[in-house]
Structures are given as structure tokens and as C-alpha cells.
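Participant: Listed below are the residues making up each chain.
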Amino acid sequence: MVLLADVVDMGDLLNVVWTSLVAGIGVCAVFSLAIVGFARALDMRREGQAVAASAYAVLMVVAFVAVMAVVIFGVIVMTSK
Amino acid sequence: MDSDVILVIVVATALAFDFTNGFHDTANVVATSISTRAMRPRVAVAYAAILNFFGAFLSLEVAATIANGIVDADLITPLIVFGGLIGAIAWNLATWYFGLPSSSSHALIGGVVGAAFAANGPDAIIGDGLLGKVVVPALLAPTLAFVVAGIAIIVIYRMVGGLHPGPVTRGFKAGQVISGGLLALAHGTNDAQKTMGVITLALIASGELGAGADPPFWVIASAASAIALGTYFGGWRIIKTMGSRIIKMDTAQGFAAQGSGAAVILAATHVGFPLSTTHTISGAVMGAGAAKRVSAVRWGVAGNIVVAWILTLPAAAAIGALTYGVTRVFGTGAVGPIVVSALLLGLIGVVFARRLAQGSPITAAEGS
Numbered sequence: 001m002v003l004l005a006d007v008v009d010m011g012d013l014l015n016v017v018w019t020s021l022v023a024g025i026g027v028c029a030v031f032s033l034a035i036v037g038f039a040r041a042l043d044m045r046r047e048g049q050a051v052a053a054s055a056y057a058v059l060m061v062v063a064f065v066a067v068m069a070v071v072i073f074g075v076i077v078m079t080s081k
Numbered sequence: 001m002d003s004d005v006i007l008v009i010v011v012a013t014a015l016a017f018d019f020t021n022g023f024h025d026t027a028n029v030v031a032t033s034i035s036t037r038a039m040r041p042r043v044a045v046a047y048a049a050i051l052n053f054f055g056a057f058l059s060l061e062v063a064a065t066i067a068n069g070i071v072d073a074d075l076i077t078p079l080i081v082f083g084g085l086i087g088a089i090a091w092n093l094a095t096w097y098f099g100l101p102s103s104s105s106h107a108l109i110g111g112v113v114g115a116a117f118a119a120n121g122p123d124a125i126i127g128d129g130l131l132g133k134v135v136v137p138a139l140l141a142p143t144l145a146f147v148v149a150g151i152a153i154i155v156i157y158r159m160v161g162g163l164h165p166g167p168v169t170r171g172f173k174a175g176q177v178i179s180g181g182l183l184a185l186a187h188g189t190n191d192a193q194k195t196m197g198v199i200t201l202a203l204i205a206s207g208e209l210g211a212g213a214d215p216p217f218w219v220i221a222s223a224a225s226a227i228a229l230g231t232y233f234g235g236w237r238i239i240k241t242m243g244s245r246i247i248k249m250d251t252a253q254g255f256a257a258q259g260s261g262a263a264v265i266l267a268a269t270h271v272g273f274p275l276s277t278t279h280t281i282s283g284a285v286m287g288a289g290a291a292k293r294v295s296a297v298r299w300g301v302a303g304n305i306v307v308a309w310i311l312t313l314p315a316a317a318a319i320g321a322l323t324y325g326v327t328r329v330f331g332t333g334a335v336g337p338i339v340v341s342a343l344l345l346g347l348i349g350v351v352f353a354r355r356l357a358q359g360s361p362i363t364a365a366e367g368s
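In order, the protein sequences belong to chains G and Z.
Going by this note's numbering, the first sequence opens with residue 1, and the numbers climb by one from there.
Going by this note's numbering, the second sequence opens with residue 1, and the numbers climb by one from there.
Partial chain G-side listing against chain Z, Cβ under 8 Å, derived: (1) I25; (2) F31; (3) V36.
These are calculated hints, taken from the structure and not from any lab test.
Quick reminder that beta carbons are idealized off the backbone N, C-alpha and C, glycines included.
Whole structure, please, built from the sequences with the hints as guidance.
Facilitator: This is the structure we're talking about:
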């Protein structure tokens with residue numbers, strides 16, 4: 001009888017599971033942070049709070065850059081497989 | 001002379017398969033973007049086609065693995081490759097006809113396994129390879145994507161729940177352009193290479209290339225062009241199933257499904273697991289829907305999709321074996337492939353005529 005561990009590398013299997021969970025949920029959370037920054041910056045600007053609006057805009061930009069960095073890393077992973 | 005004719009037919013059939021692969025799998029990357037109106041249908045399909053084309057040039061690692069480790073490569077002949085390709089094309093057409101998103105990769109593997117089994121018996125099949133490289137990832141990918149997308153959408157709703165819906169919708173529409181693009185690139189990289197690998201195997205089997213040779217540039221360019229063209233002409237039937245029949249999605253769910261699907265594909269790619277983009281994104285779509293409300297998922301449609309997944313390997317294998325058997329009735333020359341190709345073209349003509357007569361469930365103009 002063939003055991004699953006004989007035909008599949010269980011270490012790789014676990015790597016796929018945790019990497020997918022961290023990357024998938026992490027990217028969605030960080031992109032949501034960018035949207036929170038975007039939406040709050042609009043709200044603050046409407047209310048005339050320039051400093052808070054700028055702070056939220058910075059949050060949006062930083063979160064967006066982080067997401068783009070992950071996307072570029074993903075492309076590099078694909079090119080090096 | 002006969003071997004040259006067979007080789008030309010095999011290469012043409014492989015490119016036809018590649019075209020159906022793009023045609024069939026377009027839905028995987030663009031359906032959620034279209035259904036949430038993040039992109040207009042024709043723009044989304046053109047965007048995916050361009051990224052599919054460039055994705056095909058990114059790597060050559062996967063190109064030969066479609067046959068290595070699953071069947072005994074020493075026993076592969078152009079006629080076996082031909083039988084496998086016909087099995088895959090026939091299954092792709094059948095699932096397209098019914099609007100079901102099944103895996104083109106598994107169809108190709110099933111076809112080659114079936115044809116190799118018919119030609120050489122069970123010794124031609126590497127059972128451990130089939131289980132470890134195809135069956136286990138086939139179970140893992142959609143399950144994992146389901147879980148990741150489910151958790152991701154819960155996190156997203158918690159973070160953006162109290163905000164005005166306008167900026168949130170606009171933000172996730174922009175996000176879907178990024179996540180959909182990444183999926184398209186991954187699809188082009190993985191799936192076009194499978195066709196490159198099959199053509200290369202046929203060239204090696206016929207003596208045109210030496211053992212272990214990389215795909216020549218014309219093979220890479222033609223495979224990239226075929227999958228991109230197939231994607232551009234798009235499988236609107238499957239787009240409808242993926243985009244709206246499983247669940248009605250909002251932009252956040254679309255982003256969560258595409259982002260989670262891309263994460264699973266890239267994580268698996270990083271450790272060398274081959275998997276199906278179709279299975280992965282289907283699982284993610286169901287997960288993003290079920291996490292919001294279990295009853296939001298049309299489980300009857302989802303069940304049909306799962307049945308298509310389970311049937312893909314054995315059905316394509318059976319057609320591949322049958323095709324090999326039919327071609328061998330005419331000997332080892334070019335007559336068999338010519339007869340089978342003519343029959344397939346006739347069948348394709350009938351299928352398309354019937355579908356055109358019934359009308360398409362979604363068109364480029366509808367959603368634009």
C-alpha cells in the first residue's frame with residue numbers, strides 16, 4: 001500500500017498551506033488598509049481636517065506600495081521556477 | 001514522409017489544444033472582474049490575452065514536466081501524443097458545451113496517460129507520479145483557495161465595513177485589475193508551457209530534436225500566440241458560470257477570490273507543485289461566497305463543477321485511449337491521424353453550429 005507521505009513531500013505541502021494563508025490573507029488585509037486610507041482621507045478632506053487627510057493618504061500610499069511589492073515578488077517567483 | 005506528416009498534424013493539434021486551453025480558461029482570470037464590473041468584458045479579455053502571451057515567455061521549467069514523471073517518457077511516440085491531445089481537446093469542448101470550468105491541464109495529462117496505457121499497458125504509467133503530482137495537488141488547491149478566500153473576505157469586511165461604499169467599491173475595482181492581471185500571467189506561464197512541452201516531446205520522439213532539448217523559439221512563440229488568441233476569443237459560457245452562476249459577487253469578494261487564488265498558485269509554484277488554475281480560482285470564488293453567506297453559493301452549480309473535475313482525468317484518458325486505438329487501426333502511418341483529425345473537425349463544426357443556434361448566454365456587448 002502506498003502511503004501519501006511516500007509520494008508527496010509533506011514539508012512542501014505544509015509550506016504551500018501556510019504561505020498561501022499568510023500571503024492571501026495578508027495581501028487582502030493590506031490592500032483593505034489602503035482602501036481605509038483612501039476612504040478616510042476623502043472623509044477628512046470633506047470635513048476640512050487637512051492633517052488627518054494627509055496622514056490617511058500616506059497610509060493609503062504605503063499600503064498600496066506594499067501590495068505592489070508583493071505582486072512584483074510573485075512575478076519574480078514565477079520567472080525563477 | 002509519413003513521420004513528417006504525423007509531426008505536422010501533432011504540432012497543429014497541440015496548438016489547437018493550446019487555443020482551446022486559452023478559450024476554455026479565460027473565465028478563470030476575468031470572470032470575477034467582469035461580473036463585478038471592475039472591467040468591461042472585451043477589455044478584461046484583451047488584458048488577460050496580453051498577459052497570457054507574456055506569461056508564456058517567463059519560464060521554461062514546466063515545459064517538459066507534463067509527461068515526465070507521469071508516464072514513461074521513453075515510450076512516448078507522436079501517435080501517443082496525438083491521442084492524448086485529442087482526448088484533452090474533446091473533453092475541453094464537452095465541458096465548454098455545458099459551461100463547466102474543468103481543468104485543461106488535467107485533461108491533457110489524462111489524455112496522455114490514457115493513450116500511453118492503450119499503447120503500452122500499465123507499465124507506461126508512473127502511479128506515484130500521477131498521485132503525487134496530479135491527484136494530491138488537485139485536491140489541495142481548491143480546498144486551500146476556498147479557506148484562504150473565506151478568511152480573507154471576513155477580514156476585508158471587518159476592515160472596510162464602516163466606510164462609505166463608494167470609495168470601497170472603487171478601490172476594490174482597481175485592486176481587481178492587479179489581482180486579475182497576476183492570475184492571467186500565472187495562467188500563461190503554467191498552461192502555455194504544457195503545450196510547449198508536448199510539442200517538444202513530439203519533436204524529440206520523431207528525431208527532430210535531441211533528448212532533453214529545450215523548446216525551440218518557434219515553439220515558445222507559437223504556443224504563446226495560440227493561448228493568447230484562444231483567450232481573446234474567450235469562453236463566454238464559462239465566464240457566465242464562474243462570474244455569476246456560482247455566486248453573485250461584490251468587488252471585495254472578487255478581489256478576495258482573485259488575490260487568494262493567485263497566492264495559492266504562486267505558493268504552490270514556489271515549491272514546484274503543478275496545479276490547476278481552474279480548480280484554484282473556482283475554490284476561491286466558492287470560499288469568498290460561502291464566508292459571506294453559505295446559502296449565497298449555488299451549491300447545485302458548484303456540485304456540477306466538482307463532478308466535472310472528478311470526471312476530467314478518467315474521461316480524457318478514455319478518449320485518449322480510444323483515439324490511439326482508432327489511429328492504430330490504420331497502422332502507424334499518417335492515415336490514422338488524418339482520419340481522426342477530420343472526424344474531430346466535423347464534430348467541432350456540429351458542436352459550434354448547435355451552440356450558435358441556441359445563442360450565447362453572455363456576449364462582449366452585454367456587460368460593457
